[in-house]
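Novice: Chains as they are written, first to last, in our numbering: chain A, 1 to 96; chain S, 101 to 196; chain H, 201 to 296; chain X, 301 to 396.
Accuracy of the hints is not assured; some may be wrong.
[Unchecked claim] List time: in silico SDA-like cross-link candidates among lysine to any residue, alpha-carbon distance up to 25 Å:
(1) S:K182 <-> H:S235
(2) A:K82 <-> X:K382
(3) X:K382 <-> H:N236
(4) H:K282 <-> A:M54
[Claimed, not checked] In silico contact screen, one side only, chain S against chain A (beta carbon under 10 Å); selected entries:
(5) F137
(6) F141
(7) F143
(8) Q146
(9) L150
(10) H174
Read the hints as simulated data drawn from the structure, not as lab findings. In this text, a Cβ means the ideal position worked out from N, Cα and C, and glycines have one as well.
Number of protein chains: 4
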Amino acid sequence: MTAKLLSAKEIEDLPQILPEWNVSKTCLVRQWRFSNFVEAFGFISQIALLAESMNHHPEFKNVYNRVDIELTTHDLGGISEKDVKLAVSINALKQE
Amino acid sequence: MTAKLLSAKEIEDLPQILPEWNVSKTCLVRQWRFSNFVEAFGFISQIALLAESMNHHPEFKNVYNRVDIELTTHDLGGISEKDVKLAVSINALKQE
Amino acid sequence: MTAKLLSAKEIEDLPQILPEWNVSKTCLVRQWRFSNFVEAFGFISQIALLAESMNHHPEFKNVYNRVDIELTTHDLGGISEKDVKLAVSINALKQE
Amino acid sequence: MTAKLLSAKEIEDLPQILPEWNVSKTCLVRQWRFSNFVEAFGFISQIALLAESMNHHPEFKNVYNRVDIELTTHDLGGISEKDVKLAVSINALKQE
Numbered sequence: 001m002t003a004k005l006l007s008a009k010e011i012e013d014l015p016q017i018l019p020e021w022n023v024s025k026t027c028l029v030r031q032w033r034f035s036n037f038v039e040a041f042g043f044i045s046q047i048a049l050l051a052e053s054m055n056h057h058p059e060f061k062n063v064y065n066r067v068d069i070e071l072t073t074h075d076l077g078g079i080s081e082k083d084v085k086l087a088v089s090i091n092a093l094k095q096e
Numbered sequence: 101m102t103a104k105l106l107s108a109k110e111i112e113d114l115p116q117i118l119p120e121w122n123v124s125k126t127c128l129v130r131q132w133r134f135s136n137f138v139e140a141f142g143f144i145s146q147i148a149l150l151a152e153s154m155n156h157h158p159e160f161k162n163v164y165n166r167v168d169i170e171l172t173t174h175d176l177g178g179i180s181e182k183d184v185k186l187a188v189s190i191n192a193l194k195q196e
Numbered sequence: 201m202t203a204k205l206l207s208a209k210e211i212e213d214l215p216q217i218l219p220e221w222n223v224s225k226t227c228l229v230r231q232w233r234f235s236n237f238v239e240a241f242g243f244i245s246q247i248a249l250l251a252e253s254m255n256h257h258p259e260f261k262n263v264y265n266r267v268d269i270e271l272t273t274h275d276l277g278g279i280s281e282k283d284v285k286l287a288v289s290i291n292a293l294k295q296e
Numbered sequence: 301m302t303a304k305l306l307s308a309k310e311i312e313d314l315p316q317i318l319p320e321w322n323v324s325k326t327c328l329v330r331q332w333r334f335s336n337f338v339e340a341f342g343f344i345s346q347i348a349l350l351a352e353s354m355n356h357h358p359e360f361k362n363v364y365n366r367v368d369i370e371l372t373t374h375d376l377g378g379i380s381e382k383d384v385k386l387a388v389s390i391n392a393l394k395q396e
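Isolated chain A, as found in the complex (with noise of 0.2 Å):
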């Protein structure tokens, strides 16, 4: 399935659709704070089980309770629906 770059103006409205996220003309970047490591990987375990479902993976870094996640689509050089789709995604995911 491919996907399309999202336009100026529909990067522009993002913030109203996921204001928890930063926006970038390339990515979306967000971060969480767990309680501990057990808490933070419970977390990563269901964004990659999301990721690969879609066909579409973040990248993402951790370190103990920290995790940062940037949804960009690397073919298109850009923000894509594919993007926009997992991160909403992700946000209806139970978080602390």
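Using the hints, position chains S, H and X against chain A.
Specialist: Just chains S, H and X now, kept in the frame of chain A:
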């Protein structure tokens, strides 16, 4: 670290400490139902970390949104302090 | 996506396609023994991703280094093409 | 359990013990490339278990088939025995 089997009296008192678990002479059993597999697996991943960290591993069964955990101390043939400690840690996880 | 139950003839032929699996009329079963829980859970995590991605989830049991997988299509009450596909994907994972 | 920073001499000798890792004064770094995300995440899950079990957590980055691990002992501001021990355990995992 060696563990000790609980006494008959201690097993009798378990339902007060662990009301969510079914107690038999040889094991502690608890079931969970989540909204979907993503949530169930996030929970399983957290239990996996707790178990490895304590070097005490539950028997678990999963299909889709269901997770069944059975705790016993195989070496001793019954419920030991390790099982109680792991059950308490599992109870402390965020759950549905 | 709807799946179809295998015919009696197709079930009869399964042991040639999936020699590692035990075949009954209603399910496919396979067991693994790993060196330790870390390896077993790495394997379980991979199966979790495959399953969510196919939206077809196995029943699995684990205790320490043992992993037991049972594949069936609950909606149809037997073995379908989905089970065969998932079994083939699991076979393709690196395993002990 | 308190850990000790490695001495300058011990850090100098690290490449012989851990030839697969890049060594700086403050951290150990290693990268992996897998066939796909499923394999990469199976590997990450195993490292998560090792890390929680040692109560010493790496910084890791992942996108699709790539896994980057950085080991350092934040409390001490450099490489300690804990980092070496975790690196050795990671090396012992089955890898691509």
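Novice: Evaluate each hint against the coordinates.
Specialist: Consistency of the hints with the structure:
The hinted pair formed by S:K182 and H:S235 meets the criterion: a straight-line CA distance of about 22 Å does not exceed 25 Å. Proximity of A:K82 to X:K382 is assessed by CA-CA distance (about 40 Å); at most 25 Å being required, the pair is judged violated. Using a Cα cut-off of 25 Å, the hinted pair X:K382 and H:N236 holds, with the two alpha carbons roughly 21 Å apart. Between the alpha carbons of H:K282 and A:M54 the distance comes to roughly 18 Å, so the proposed pair stays at or under 25 Å and holds.
The closest approach between the C-beta of S:F137 and any C-beta of chain A is roughly 7 Å, which is under the 10 Å cut-off, so the hint is satisfied. The restraint placing S:F141 at the interface with chain A holds, with a minimum CB-CB distance near 6 Å, inside the 10 Å limit. Residue-level restraint check for S:F143 holds (minimum Cβ-Cβ distance to chain A is 7 Å; threshold 10 Å). Of the supplied interface hints, the one on S:Q146 holds, with its beta-carbon coming within about 4 Å of a beta-carbon of chain A, less than 10 Å.
Checking S:L150 against chain A by beta carbon gives a least distance of about 6 Å; that is within 10 Å, so the hint holds. The restraint placing S:H174 at the interface with chain A is violated, with a minimum CB-CB distance near 24 Å, outside the 10 Å limit.
Checked against the numbered hints above, the structure breaks hints 2, 10 and satisfies the rest.
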